[in-house]
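*Asks:* Protein chains in written order, with numbering that gives the first Met the number 0: chain A, 0 to 394; chain B, 0 to 504; chain C, 0 to 203.
No lab work stands behind these hints: they were computed from the structure.
Don't take every hint at face value.
To be verified - In silico contact screen, one side only, chain A against chain B (beta carbon under 7 Å); selected entries:
{"hint": "1", "residue": "Leu277"}
{"hint": "2", "residue": "Met350"}
{"hint": "3", "residue": "Ala355"}
{"hint": "4", "residue": "Glu371"}
{"hint": "5", "residue": "Arg383"}
What you are looking at is a predicted structure, and each value in this text was computed from that prediction instead of being measured.
Note that CB positions come from ideal geometry on N, CA and C, so glycine has one too.
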Amino acid sequence: MTTGQEQESGSAGRLAAVRGAAAPQGFSARKIAALLDNPECGRRKLLDAAGVDKRVLADRVGYPSLFGQSPFAIARAAAFAEIVRRDGFAELIRLLRDTLNFSLAEAGVADLADPAIAAAATADGLSAQEARHRETVALLRDAALGTQPIAVFGSPVLALSIGGVPAYLEPDAIVHREGGRFTVVGIKAFPVIDGQAPAASLTAAVKQQAVYQIALRRNLADALGDDADSVADEVVLVCPENYSNRPIAVIHNAKQQADAIALLLDRLGGVDRLVADLPAAADFDLSDDGAGAARRSPGELATALESVGARYLPTCRANCDLAGFCRGEAERAGSPALLGPDVRDALPGIMSIDDALTLINDETDPSPDQAEAVAHLRRAARLRRESLSRTEGVA
Amino acid sequence: MSTLQAIARLQAYESGYAQPITTVRHAHIADRPMVFIPLQLAGQAAAPLAAMLGENRRRPQMLIVERPRIRRYRFKFAADLAAVLLPYFESFTEQSFGDEPPADAPQIVVPNQGAIAFTAHLGRSTRFRRIGVPNSRSAAADARAAAIAGVAPGVPVVGQWLTWLADRARLPGSSVLLAATDLLRAHWATGQSGYEDGQLAALHAWIDPPRGLTGAEAAHRTADPILFPPAGPGTDPGFDERELAPALEACEAAHGDPAAEQAARKALEDALRSQLEPVWDQVWGAVALLRGLEPAAHTVKRWEADRRAFAEFDTRVRAGGLPQPRRDSAVSSGRRLGQYERELDRFEAQRAYDDPLVMAEYRLAGEAFAGVVEEAEPDRLIGEGRSRKLRPLISVRTSDELWAEPGDRFHNAANPRQSATVVRIESVPGAAVLVTVELTGGMGRGRKAAKGTVPQPGDAVCFTSLALEGVPGAAFPEPHETPWTHGGPPAGHAPTEADAEEDWD
Amino acid sequence: MKPRTGRGSTLTVREQVHQALSVLGGPAAPKLISAVHEAFFTGPVLPRRMASLRRDEERSFTAGPYQRPYYICAALTAERLAPGRGLLAVSTWPLERRIVGPLGPRTDFLTAAVHVAQQVKRIVSCGEEPSEPAWQLLRRYASNIPGATGPRDRERPEPGRVRRAALAELAVHEAADRADRDRAAGRAREQLTESQRLFGMVVK
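The whole structure should be built from the sequences, with the hints applied where relevant.
*Replies:* The following block contains the structure:
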């Protein structure tokens, strides 16, 4: 990764300038998975890559994020994770024995969240995450080579380059069979009821684990040379069973998701270009000048935001802090995106709802490339008019 | 979403008000529906927190769970729910005579699909419970259950009913358990996205804004979760943090001190009522909006099927039938899927036949055409002697884009038993075509067509390739004939001890 | 939940922790210590109250070594001889027992299972009824050790069976685990000061 890292540090430096003096926000697998829900959104890509706190930014530009997680959901997730982790991952070890045929002897545990790891390495000038990553890779390597009998790696730290920006990711656990494969494990508090997990939660969880899977494959390849077979395509999700607190394992093949994400990650480059295209005066510095005054006014931040193209989707409201701002922008522009991707797709090449309406109402002529779509829309409008008036006549 | 609905959304956006996408109502709205709004504790699948329910809009009943993490209180909620729902169900069985379906059936209206899923969870977590005795045979679990003093008699029964409702809600066209958001979206298009239509407050605002506001303005206001709490079953995270968490903590702290308990309970109830009341009004508002629409012709038939299904299940419950199994066997799930698919086809076809605006979707897709009859040969006969048959010809001028060729069979939308085989299609001036079809059936028994059964020149007609009676699905074997490849005949499901003892933490 | 800490107990937090650790016979995290105290003594110990215990003990030891019969000290990670995350131990135990290598969490869990089972058995053989938290704790061990329960005793595992199952799995790990502990303890004796041997090596 040496040459890659040098290149990255160049763009990372420029990205740091975009973020200004505020503390960076790390990438997480959830963020990456969400990024991939809308991979064409340059705005989100740039802000995430630069580590800008989008929540604070949204607040500053007057569209406070409405997201929040209930304290009950947070507490429930923490309590369940604690059940899986306590007693040296005893519950997880039981599940590994039952579902992945781990032998009795395969019960070694490494805790990569141990603060001593970070403490020892900060002496070497590494950040806590770099230190934990270094330790993770060393232990994974030992396990792969069979020199350390570790079956469960708790809270490991993996590294993944996202559009040229290095990010550190923390899966819940990675497990390893002696002489066998590594498997990514996610601990999730949604229940599996009579063998069935709620589809949306399951999909999101698998996608998240697939991001870790890719990072794990790449880290192992860097440490050991290419050995794609050393990571299982399956991921393990540990969830509460039915309405109880007892953990149960669900094994899910994540190959399809991992392939899709790897492909998208490779294409995700272009953050460099986004940075280069940013006007010289624009940045997203959310820090204050030390005397309590913000370095950038809300107007300056909004202008900077507008200089990076976004791709608003109504579903952004479920997964991006900035969705309110982008929606406002789409509203001012009367963008068809406001009505959802289905309507937008029904209006190919038509940039605003007003344009669509004048075209449909025969008030303007379509361009040649719009002609076919507009003819279809006009037929639909005629049928709608006709069917509505027919019933009015009857009634 | 179809192009027609995209047009409706554009028009809604332009006008600021939701636009109809049907001309009639395709769901049955019962005379005595019950509105049910459940709330759950965030992060747990089946931890009830509260519910507002009732048949009378002016007199909502409220159930709350002051200690939602403790199972005894969850069972108490289930018992309270049973005390409201079971008498409601029983009020319909009293009208049942012999083989006739009952005159009416229960209808539960909830805010959204989340509430339907929660109904299923509640059913699943209560229907296996055993009543009167602690839910376990081991001394340790009995000790745990000692404080529970058994599960009230209504709990497993209401569990079976909730399961029945949630199962039947998946059947297209059924109206025993309806989600307000589904009802509204099936009949109106808003000027926002489908994703946002999932929020009942915004959806309802687009359709029926308060006086002085456009739908768009009213919907805009609903973005504030304090004024417009989410319709459940999940509560607003901000509410959880600011109000619910302290209120529940107060209930815990007050435990054991009756006066303090009562005060804490009251405070919790007030907090939860603030979340439920706006939703209560929106759901009843949705019911009123739907009631204001003319019912589609086939809703009567579909409701009759619901009434029969209700009576059947009621008989089964009264006979002390076993609760529904945790999981379907391979055959019954295959049978059910097949049934759902057939019902979906049937429902879609009925909607189109009942509603020109729905039929317009098929016209746009080239699967139907409408126009005016130009020529008619009503008395045309073909064949010789005894096999001479009445086969009228009519020519219809239509400007619809038709995907058809001679020999294709259509049906008369106004007379579904009459089929029409395309004879020829000719282009005529004015971007239209003249379709000549030969008619079969739906004309009475005689050599001459019964009066009014053959369209006359000047009549507006519509023909569609969509058949009203769907093609029968693949036949599934009866359960006792299940082939060994599918596990052989399923063992009759009997709930086990484990089912009854299951944790509900 | 209402705080019921120390209800009816006149012991200090360090004494309560000592009681619980003595039952477990190996290093443990505050939550487990609390659960054990609730199961066999006088209610839970709030983990919050244990937070500063290790530091207080270290200060006391530094001020005057071995003034007390025992100190609540740290478990040491085999790799770095650093204090194991959140783990508490008793100073009078052999150093080897306070070392946590890769298999340490598992063997400590199994050792605790053996001791908890013995404790439950002792109560039963005195003709008394173990508390519900005690059964709960025993279930927590039994359900995660192969062969520790049968289909009929999930709610109230048979202590003898839990003990036998835990010992059987311990035998599988013993050699490898012992080697880790011996090696690390040897290094600790060579490299660490007395105080570091109890409270671990901390890189500052």
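*Asks:* All the hints need checking, so say for each whether the structure fits it.
*Replies:* Verification of the hints:
| no. | hint | in the structure |
| --- | --- | --- |
| 1 | Leu277 | violated, 29 Å |
| 2 | Met350 | violated, 14 Å |
| 3 | Ala355 | holds, 6 Å |
| 4 | Glu371 | violated, 12 Å |
| 5 | Arg383 | holds, 5 Å |
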